[in-house]
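**Q** Each chain, written out:
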Amino acid sequence: MKDKCCCSGTSKAFPRRFDVTAIDHIKVLFNWLFLFNKPFIVRPGLYYTGERYDNGSPLIVTCNFLSTVVLLKRSLRPLNARLLVIDTKGINVWCSAGKGQFSSKEILDKLNTHKDIIFDGERPVELILPKLSLSGVRLSELKKDKRIHPVIGPVYAKDLKGYLEHSPYKDCADDRVIFGIKQRFYTLIPTVVQFSGYALLMGCAAFLLNLIFKTGFRWQIVPVSIAIAALYPLLFPYLPGKRFAVKGLSLAAAVSLATLFAIKGTSYPLGAFYVSFIFATSVLLALSYTGNSPVSNYSKIRKEIAHFLPLSIFLYIVSIIFYFISRGGA
Amino acid sequence: MIEFDKVKCTACGVCVKVCPHGVIAIRDKKAIPVNIDRCIECGACKLNCEFGAIEVTVGTGCLFAIFKEDILKIKGKGCGCGGGTGC
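Taken in order, these protein sequences are the chains called H and U.
Throughout the first sequence, residue numbering follows the working numbering, covering 1257 to 1586 in sequence.
Throughout the second sequence, residue numbering follows the working numbering, covering 4 to 90 in sequence.
Because the hints were derived from the structure by calculation, they are not lab data.
Treat the hints with care, as some may be off.
Incomplete in silico selection of chain U near chain H, CB under 10 angstroms [claimed, not checked]: (1) CYS12; (2) HIS24; (3) LEU50; (4) ALA68.
When the alpha-carbon atoms are kept at most 27 angstroms apart in a straight line, the in silico BS3-like pairs for lysine-lysine are as follows [unchecked claim]: (5) LYS1366/H with LYS20/U; (6) LYS1556/H with LYS71/U; (7) LYS1371/H with LYS1426/H; (8) LYS32/U with LYS1361/H; (9) LYS1399/H with LYS11/U.
What follows is a list of derived Cβ distance ranges for each label pair [as the list claims (entries may be wrong)]: (10) THR1522/H with GLU6/U: 49 to 55 angstroms; (11) GLU58/U with ARG1273/H: 41 to 47 angstroms; (12) PHE1286/H with GLY79/U: 43 to 49 angstroms.
Even for Gly, the Cβ is constructed at its ideal location relative to N, Cα and C.
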């Protein structure tokens, strides 16, 4: 925002207090569930979290993804802090850094917009960067500006409060990305929601085909797909194999056994339909989970996709063939 | 893939600090990968190495991003993953 300064008549970008409303919490929930393609955002600018703006309070740089800023505000409570929200087009810190939107240039531009307010002394201002922004932010470029002293902050917002208790701030050199049960559970719900959407679409298509062409309808494919989407993130570290797709195959083997047990007595072609469908879906889910995981290596995932995506497609074709064979025999 | 040029490396340690997965360490005054399996090729080390001592194949390890960027080539590098706009 850009307001006119009443006294001097010059243009000055004023800081605003960041307040979180009930509607913001609903928007955060929608962001989490990935229900809309366009995420809810915060207007880029300078904000503060306490009762009033304090130039002595820590200056933290963040993205303009609403969920991140709300989480940051909650983690900092009741501390006074300044948030420099840069325009990352509504994308979280790590992803926007990878896209080049969370960059040194963007930070310097935003600092210059608010320079009259931020820089009021001779000492350089400590600028706390989220550690995950460093795949887009070049520290050496920021250091060229003698008005600022960039510091590498923690990976997670929850650690900020403890970090800010020890001034002058040090680089969080040993902070690491964690992919434990809590983080996997955080990815589980959106994974299930997203994948359930595809499973329901597939179920609707099969249902319509049955209405028109009397192809028959195996509704079991919908809950089985949703179960795979829920189990994969939950069991991720325990599934045999290092590669995402191999873990998917392991899960498929277990789910196939359970399904065959549940439908024992069914014909071989129908059993083969279920097994090939489960393997195809599990591999596809495993490959798509690479986007939700913070442990996906680009080169390795590329190779996995080259090998396993064709396998998934092939297995879907096989499942369709077995399905029609089972219908013929019925 | 990540590679270190031992001649160019000055052991300044910036790569160690910026790595979010603890992949790099300084040994015998040179940066080396110690947890290579944990590297996700985010490129933070390469971007922040002032001496050009690190080479990384930077990219987004995500099915949809790779599908759009590398296979179909309908999106530019870094623009293929879901969530948000701007590319």
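**Q** None of the hints should be skipped; say for each whether it holds.
**A** Now the hints, each set against the structure:
| no. | hint | result |
| --- | --- | --- |
| 1 | CYS12 | violated, 16 angstroms |
| 2 | HIS24 | holds, 6 angstroms |
| 3 | LEU50 | holds, 6 angstroms |
| 4 | ALA68 | holds, 7 angstroms |
| 5 | LYS1366/H with LYS20/U | holds, 25 angstroms |
| 6 | LYS1556/H with LYS71/U | holds, 17 angstroms |
| 7 | LYS1371/H with LYS1426/H | holds, 24 angstroms |
| 8 | LYS32/U with LYS1361/H | violated, 32 angstroms |
| 9 | LYS1399/H with LYS11/U | holds, 21 angstroms |
| 10 | THR1522/H with GLU6/U: 49 to 55 angstroms | holds, 54 angstroms |
| 11 | GLU58/U with ARG1273/H: 41 to 47 angstroms | holds, 45 angstroms |
| 12 | PHE1286/H with GLY79/U: 43 to 49 angstroms | violated, 28 angstroms |
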